[in-house]
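Asks: Given these sequences and hints, build the entire structure.
2 protein chains.
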Amino acid sequence: MGRIICCGLGPGDPDLISVRADRQIRAATHVAYFRKKGRPGQARRIVEGMLAPDVREYPMEYPVTTEIPFDSPDYAELLAGFYDEWARRLEQIARDADIVVLCEGDPFFYGSFMHLHIRLKGRAAIEVIAGIPGMAGCWNAVGLPIALGDDVMTVLTGTLAEQELTARARGCDALVIMKTGRNLRKVRRALQAAGRLDEAWLIERGTMPGERVARLSDVDATECPYFAVVLVHGRGRRLELAE
Amino acid sequence: MGRIICCGLGPGDPDLISVRADRQIRAATHVAYFRKKGRPGQARRIVEGMLAPDVREYPMEYPVTTEIPFDSPDYAELLAGFYDEWARRLEQIARDADIVVLCEGDPFFYGSFMHLHIRLKGRAAIEVIAGIPGMAGCWNAVGLPIALGDDVMTVLTGTLAEQELTARARGCDALVIMKTGRNLRKVRRALQAAGRLDEAWLIERGTMPGERVARLSDVDATECPYFAVVLVHGRGRRLELAE
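Protein sequences appear in the order of chains E and H. Counting from 1268, one number per residue, gives the positions in the first sequence under my numbering. Counting from 1268, one number per residue, gives the positions in the second sequence under my numbering.
Just so you know, these hints were derived from the structure itself, not from any lab. The reader is advised that the hints may include incorrect statements.
Because identical chains cannot be distinguished in the list, a pair is counted as satisfied if it fits within a single copy or across any two copies.
To be verified - Here are the simulated SDA-like pairs of lysine to any residue, each with C-alpha atoms no more than 20 Å apart in a straight line:
(1) K1388 <-> D1351
(2) K1303 <-> A1488
(3) K1388 <-> V1409
(4) K1303 <-> D1487
(5) K1453 <-> P1476
(6) K1453 <-> D1365
(7) K1303 <-> D1321
(8) K1446 <-> G1416
(9) K1304 <-> A1434
(10) K1303 <-> A1460
(11) K1446 <-> Q1309
(12) K1388 <-> P1281
(13) K1304 <-> P1330
(14) K1303 <-> A1354
(15) K1303 <-> V1331
(16) K1388 <-> L1411
(17) K1446 <-> R1502
(18) K1453 <-> A1347
(19) K1453 <-> V1419
(20) K1453 <-> A1392
(21) K1453 <-> G1416
(22) K1453 <-> R1482
(23) K1388 <-> G1410
(24) K1388 <-> V1480
(25) K1446 <-> R1504
(26) K1304 <-> D1485
Replies: Below, the structure written as C-alpha cells:
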C-alpha cells in the first residue's frame, strides 16, 4: 500500500526545498506534476537533475480549449473532470507504490494540489510536506522584512475587483498581491488610489533564474509573468519603541 | 572577510529546514541564536545534533528585568542596547569568518533578526536564507488548505486591541493570528464577536514534539504556549465553480 506524497517545492530555487521533500523527490519511483499542455512546467523545471534515471513521470496537463472562455461554467466542468480523472489515476498508482506529487510553493497555500486533496481524502494515504511559499521567496529577494512588530498583513489576489483591491490596500500595514499577471494595470491603479504605489515592489520570478525586482511605479508594462508578486512592506507598528 | 548568514529554520521540525540552510548550519564554525536567559532556546533546540563538534556558539540572551515592565520605554531602551551590542559583536566576528545566525520560521516574517539586520546593513556582508514560516507548519498540521481561489488572507498578532481583532476577523476569508500566548482569551472573545469562533483552530507547537491541534471553541485554557497560532481557513472564493 503506497502513499501520495505532495512535496512543496518552495519559491523556485531547488536549494530552498526542505530536506524532507528533497529526500522524497530524489528517492521517488513515480512523480506527478501539473503543467500546461506543451510546456515543460515550472514544478518539473525546479526538480531538473534531481529525479532518479528510471523514475516514471506523470505530467498532469490542464485541459485547453480555445472555444470555451476559461471563467465559464463549461470550463469549470472540464476542469472538474480533469481533477476527477487524475485523482482516480493517482489513487490507482498509490495502491502499489508511493507517488510524489510536485507542488510549487506551499501546497496548502493557494496550491493546485488541493483539488486533488479534496477528492482523494479517505481514498488514499496522503502526506503533504510544507514548502516556503512563493511570496516569501519574493520578499527575500527584496531583502527587507515584510512584516514586523504588530503589523497587519493582507494577502490578496490580483483577480479581485479594483475597488476591493483599493480598500484592502488602504486597510493594512503589509500587503502581498499574488496572481498579478494580466491584472498588473488594475493592481497599479488600485495601489495608486490607495496612496501606496510609491511603496510597492514588483518581484518577477523570485529566487529563480531571471529574477527581477523593481519599484512598481517604475514598471511600464501592462502585464507581467505568472510568477510575479506585488509587495508593500510593513513598517512595524509599535516597533519604533525598540529602535 | 566573512559573512553573516541568517538561516531560516522553518516551523520547528529540523527536516523542514531548506537544503541550503541545512548545509550552512552543518558547516558552520560560528553560530549565534536568540534565547531567554537560562533557557535552551527554541532555535538552538531545532538544530540539536546538526552542529559541528568544534562549533563556537553565541547565545544572544535577551536582557531580563523584574523591575521594568516589558512594554515601557525603559525596557525598549534596554533592548535597543542589547541589539546594538550584538550587532557590534557579529560585525567583529564576520571580519574573519562566516557566522550563522539561527532564526525560527522565516527571518523576514516577524523575525527578531530584523533588529540586527537594520543595524548591520552596510557594515557587514549579510545573506538571509528564507524558511517556511511557522504559520505554514501550523496549517500543515491541520491538514487543510488555508487559502484557495480568490481568498483574502489576513495575518494579525494577538497583541492588537480586541475591537480591531474583531473587525479584521470579520473582514477576511482566511485568518492567521500569531502571538496568541497570553492573549488567548481576548482572541477567543474577538472571534466569537466576529461570528468565526466555530471555524477556528488552535495549533500549539506545530510540527514540533508536543504538537497539539484543537478547535479553539473546545479549549478552556486562558493562555497557550508562545509557539501557538490560531487559524480560520478560507473556503475558496469563486472556487466552487471548479468543484
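Asks: Taking 20 Å as the upper bound on the Cα-Cα distance, should K1388 and V1480 be classified as within, between, both, or neither?
Replies: between (39 Å within a copy, 19 Å between copies)
Asks: When no copy is named, should K1453 and V1419 be tagged within, between, both, or neither for a Cα gap of at most 20 Å?
Replies: between (23 Å within a copy, 17 Å between copies)
Asks: Between copies, within a copy, both or neither: which fits K1453 and G1416 at Cα up to 20 Å?
Replies: Classified as between: cross-chain Cα gap 18 Å, same-chain 30 Å, threshold 20 Å.
Asks: From the Cα coordinates, with 20 Å as the cut-off, is the pair K1304 and A1434 best called within, between, both, or neither?
Replies: neither (37 Å within a copy, 44 Å between copies)
Asks: For the identical chains here, do K1446 and R1504 meet the 20 Å Cα criterion within one copy, between copies, both, or neither?
Replies: between (27 Å within a copy, 14 Å between copies)
Asks: I want to check one pair: K1446 and G1416. Are their C-alpha atoms no more than 20 Å apart within a copy, between two copies, both, or neither?
Replies: between (27 Å within a copy, 10 Å between copies)
Asks: How do K1453 and P1476 come out at 20 Å by Cα distance, when the copy is not named: within, between, both, or neither?
Replies: neither (27 Å within a copy, 46 Å between copies)
Asks: At most 20 Å between alpha carbons: which applies to K1303 and D1321, within, between, both or neither?
Replies: neither (24 Å within a copy, 50 Å between copies)
Asks: For the identical chains here, do K1453 and A1347 meet the 20 Å Cα criterion within one copy, between copies, both, or neither?
Replies: neither (29 Å within a copy, 41 Å between copies)
Asks: At most 20 Å between C-alpha atoms: does K1446 with R1502 qualify within a copy, between copies, both, or neither?
Replies: between (24 Å within a copy, 18 Å between copies)
Asks: One pair to classify: K1303 and A1488, alpha carbons no more than 20 Å apart. Within, between, both, or neither?
Replies: The answer is neither: 24 Å in one copy and 49 Å across copies each exceed 20 Å.
Asks: At most 20 Å between C-alpha atoms: does K1303 with D1487 qualify within a copy, between copies, both, or neither?
Replies: Neither, since 28 Å and 49 Å both go past 20 Å.
Going down the numbered hints, you'll see the structure goes against 2, 4, 5, 6, 7, 9, 10, 12, 18, 20, 26, while the others check out.
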